[in-house]
Amino acid sequence: MNTGFAGSQTAIEFLYLIASALFILSLKWMSAPQTARHGVWAGEIGMVAAIAGTLLHRGIVDYRWIAIALVIGSGIGIPLGLVHMTAVPQRTALSHAFGALCVTLVGTAEFYLRTPSVPHFLMAVLSMEVILGSLTFTGSLMAAGKLQEILPQRPLTYQGQNFVNLSLLAMAIVVAVYLVLHPDTRQLFPAIIAIPLIFGVLMIVPIGGADMPTVISLLNSYAGLSAAAMGFVLDSKLLIIAGALDGSSGFILSVIMSKAMNRSFTNVLFGAFGQVQASEAEGRGEDKTVRSATAEEAAGILAAANRVVIVPGYGMAVAQAQHKVRELYDSLSKRGVEVRFAIHPVAGRMPGHMNVLLAEADIPYDRLIEMDEINGDFPQTDVALVIGANDVTNPSARSDQSSPIYGMPILDVDKARTVMVIKRSMSPGFAGIDNPLYYMDKTLMLFGDAKSFVNRIVHELSGNTHPH
Amino acid sequence: MNSGLIDGLFVFMLAGFVGFEVIRRVSPLLHTPLMSLTNALDAIAVVGAIVLVGEQKSKLALALGVVAVIAATSNAVGGFLITDRMLKMFKTSRPTKP
Numbered sequence: 063m064n065t066g067f068a069g070s071q072t073a074i075e076f077l078y079l080i081a082s083a084l085f086i087l088s089l090k091w092m093s094a095p096q097t098a099r100h101g102v103w104a105g106e107i108g109m110v111a112a113i114a115g116t117l118l119h120r121g122i123v124d125y126r127w128i129a130i131a132l133v134i135g136s137g138i139g140i141p142l143g144l145v146h147m148t149a150v151p152q153r154t155a156l157s158h159a160f161g162a163l164c165v166t167l168v169g170t171a172e173f174y175l176r177t178p179s180v181p182h183f184l185m186a187v188l189s190m191e192v193i194l195g196s197l198t199f200t201g202s203l204m205a206a207g208k209l210q211e212i213l214p215q216r217p218l219t220y221q222g223q224n225f226v227n228l229s230l231l232a233m234a235i236v237v238a239v240y241l242v243l244h245p246d247t248r249q250l251f252p253a254i255i256a257i258p259l260i261f262g263v264l265m266i267v268p269i270g271g272a273d274m275p276t277v278i279s280l281l282n283s284y285a286g287l288s289a290a291a292m293g294f295v296l297d298s299k300l301l302i303i304a305g306a307l308d309g310s311s312g313f314i315l316s317v318i319m320s321k322a323m324n325r326s327f328t329n330v331l332f333g334a335f336g337q338v339q340a341s342e343a344e345g346r347g348e349d350k351t352v353r354s355a356t357a358e359e360a361a362g363i364l365a366a367a368n369r370v371v372i373v374p375g376y377g378m379a380v381a382q383a384q385h386k387v388r389e390l391y392d393s394l395s396k397r398g399v400e401v402r403f404a405i406h407p408v409a410g411r412m413p414g415h416m417n418v419l420l421a422e423a424d425i426p427y428d429r430l431i432e433m434d435e436i437n438g439d440f441p442q443t444d445v446a447l448v449i450g451a452n453d454v455t456n457p458s459a460r461s462d463q464s465s466p467i468y469g470m471p472i473l474d475v476d477k478a479r480t481v482m483v484i485k486r487s488m489s490p491g492f493a494g495i496d497n498p499l500y501y502m503d504k505t506l507m508l509f510g511d512a513k514s515f516v517n518r519i520v521h522e523l524s525g526n527t528h529p530h
Numbered sequence: 028m029n030s031g032l033i034d035g036l037f038v039f040m041l042a043g044f045v046g047f048e049v050i051r052r053v054s055p056l057l058h059t060p061l062m063s064l065t066n067a068l069d070a071i072a073v074v075g076a077i078v079l080v081g082e083q084k085s086k087l088a089l090a091l092g093v094v095a096v097i098a099a100t101s102n103a104v105g106g107f108l109i110t111d112r113m114l115k116m117f118k119t120s121r122p123t124k125p
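Keeping their order, the protein sequence lines are chains A and B. Per the working numbering, the first sequence starts with residue 63, numbered consecutively. Per the working numbering, the second sequence starts with residue 28, numbered consecutively.
Hints are computed from structural coordinates only; laboratory data are not their basis. Just so it is clear, the structure is predicted and the values come from calculations on it, not from any experiment. Watch out, some of these pointers could steer you wrong.
[What the hints assert, rightly or not] Here are a few chain A residues that face chain B, going by a calculated C-beta distance under 7 angstroms:
no., residue
1, A83
2, K90
3, V168
4, T247
5, I314
6, Y501
7, D511
[Claimed, not checked] Below, a list of computed lysine to any residue pairs in the SDA-like style, where the Cα atoms sit at most 20 angstroms apart:
no., chain 1, residue 1, chain 2, residue 2
8, A, K513, A, D392
9, B, K84, A, H244
10, B, K118, A, R388
11, A, K321, B, E82
12, A, K321, B, R52
13, B, K115, A, A94
14, A, K504, A, R388
15, B, K118, A, H146
16, B, K118, A, M507
17, A, K396, A, R369
18, A, K350, A, T148
19, B, K118, A, Y427
20, B, K118, A, E400
21, A, K350, A, S229
22, B, K118, A, S179
23, B, K118, A, Q96
24, B, K118, A, T148
All residues carry an ideal CB built from backbone N, CA and C; glycine is no exception.
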């Protein structure tokens, strides 16, 4: 390294070092709601420091295009940062796609700039970068499309699906290995982009809405790993660190989500989603009877309770009922009823989604209780009110070995003294599995749209002014 | 194999472990903002794209680089923005100030 160059190079590396430290601090501060916003600031400062450092790079001959691209990118980013909270899952999937796109394009440019003299190890990480990047790109676009309901949400499965998908992936890897050994065969390079692009689409075809939390986490992990691979190609420690952090975050979330869905991790890795659920949808229990109740009766029971646990599911978000639920929470709290919310890890369409929706409706976060923590409290709960959740409350997951969801951790709603379920009709849930909870003697079915039913309960409670 | 790659592997290994330990402690309450934050941090790939655009070594590299900078910048801006919006909504029922 020559001396004139060393000055700015040291400054750049120093800024990258600061950025890396800030990124780690940023994630550390995310651990609790009290410090989480500091985490965002640390991340922002780190990002600005890193970009500033990069602009000092000696090889840069022209800043015009950089400025134009930064301005356009910010222009696209601002509206994407202002989407409605219910749209956060598809926004997240879309940003996995953008991240993967960036990595793939840089990898492609680097390949054509460096060939024919690419060392083997470099070519190997470059292939990994491009393969992971392109499959994450189309996979994330597909996921975003399904979440936005532009694409059909139903999982599409066919015979030999896994074989087709895995063969495609294997093919891409074979081409990549050949390229590592013969980096001068430039004409083969488009194949390790095109094949993973197709694989990404096919990978998401069999995925249904309820599997989305796992899939989004997995794509998050892939996006991170491809960025880390890019770090190796560019010899940038900062990128390796950021990629490793993102990759491990996505990996941890995928493991948590797959455990909450009772899927093995290999099942998740090979994308064999949707299969368990397709198996059994026979209409059992047509002649079983259910007890239903009116809003007035429900309001009376809730007002007489000491402890109420509300179990929200994605159905609540679909019905846009969270603000009405907040009114119910306020109304009951004012009467001295203790109201808490039981949050299943896969409630919603991405990890933690339900918490964000309830926080947006101004429900204090210390009322949102995780599954493991609240399950022990159900026997002391007077009323469990289920709104738009189904499979995560199904007791056959605990007891019925023939059930497709057997073994999945559930909220022990059936142990509460009284259970109330707001549901449109008796049709089975997403997974097509009958829920014995509905036929229990202590269960009252509240038939109707979640938003209007909760509204009627709130109305009854406010009309009924004498305290219990 | 050159020493830069070995250094890189060490950094990757260490950062992976740090990531595991730090992220394991994140409350499930915040998993959605966590994902949008890591997404924004991942947009650091923009540094590679900026160099590509600035060096203008070929027309192809410039074109691909410009799109890459746009994609990464929109992730960084949008990601930090929405993460902060989400975190602002998390309030406790206990008064924070006496």
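Going through the hints against the structure:
1. A83: 11 angstroms, violated
2. K90: 5 angstroms, holds
3. V168: 5 angstroms, holds
4. T247: Nearest chain B Cβ about 18 angstroms off; hint violated.
5. I314: Interface hint status for I314 (chain A): holds (5 angstroms vs cutoff 7 angstroms).
6. Y501: 31 angstroms, violated
7. D511: 25 angstroms, violated
8. A:K513 with A:D392: Given that 20 angstroms is the threshold and the Cα spacing comes to 16 angstroms, the pair holds.
9. B:K84 with A:H244: Measuring from Cα to Cα gives roughly 24 angstroms; hence the hint is violated.
10. B:K118 with A:R388: 13 angstroms, holds
11. A:K321 with B:E82: 47 angstroms, violated
12. A:K321 with B:R52: Distance of about 17 angstroms is within 20 angstroms: holds.
13. B:K115 with A:A94: 13 angstroms, holds
14. A:K504 with A:R388: 25 angstroms, violated
15. B:K118 with A:H146: The hint holds at about 18 angstroms.
16. B:K118 with A:M507: The given pair, whose Cα atoms are some 32 angstroms apart, is violated under the 20 angstroms limit.
17. A:K396 with A:R369: 13 angstroms, holds
18. A:K350 with A:T148: 36 angstroms, violated
19. B:K118 with A:Y427: 6 angstroms, holds
20. B:K118 with A:E400: 18 angstroms, holds
21. A:K350 with A:S229: 47 angstroms, violated
22. B:K118 with A:S179: Violated: K118 (chain B) and S179 (chain A) sit about 56 angstroms apart, past 20 angstroms.
23. B:K118 with A:Q96: Distance of about 9 angstroms is within 20 angstroms: holds.
24. B:K118 with A:T148: It holds: about 19 angstroms lies between the C-alpha atoms, which stays within 20 angstroms.
Hint compliance for this structure: hints 1, 4, 6, 7, 9, 11, 14, 16, 18, 21, 22 are broken, all remaining hints hold.
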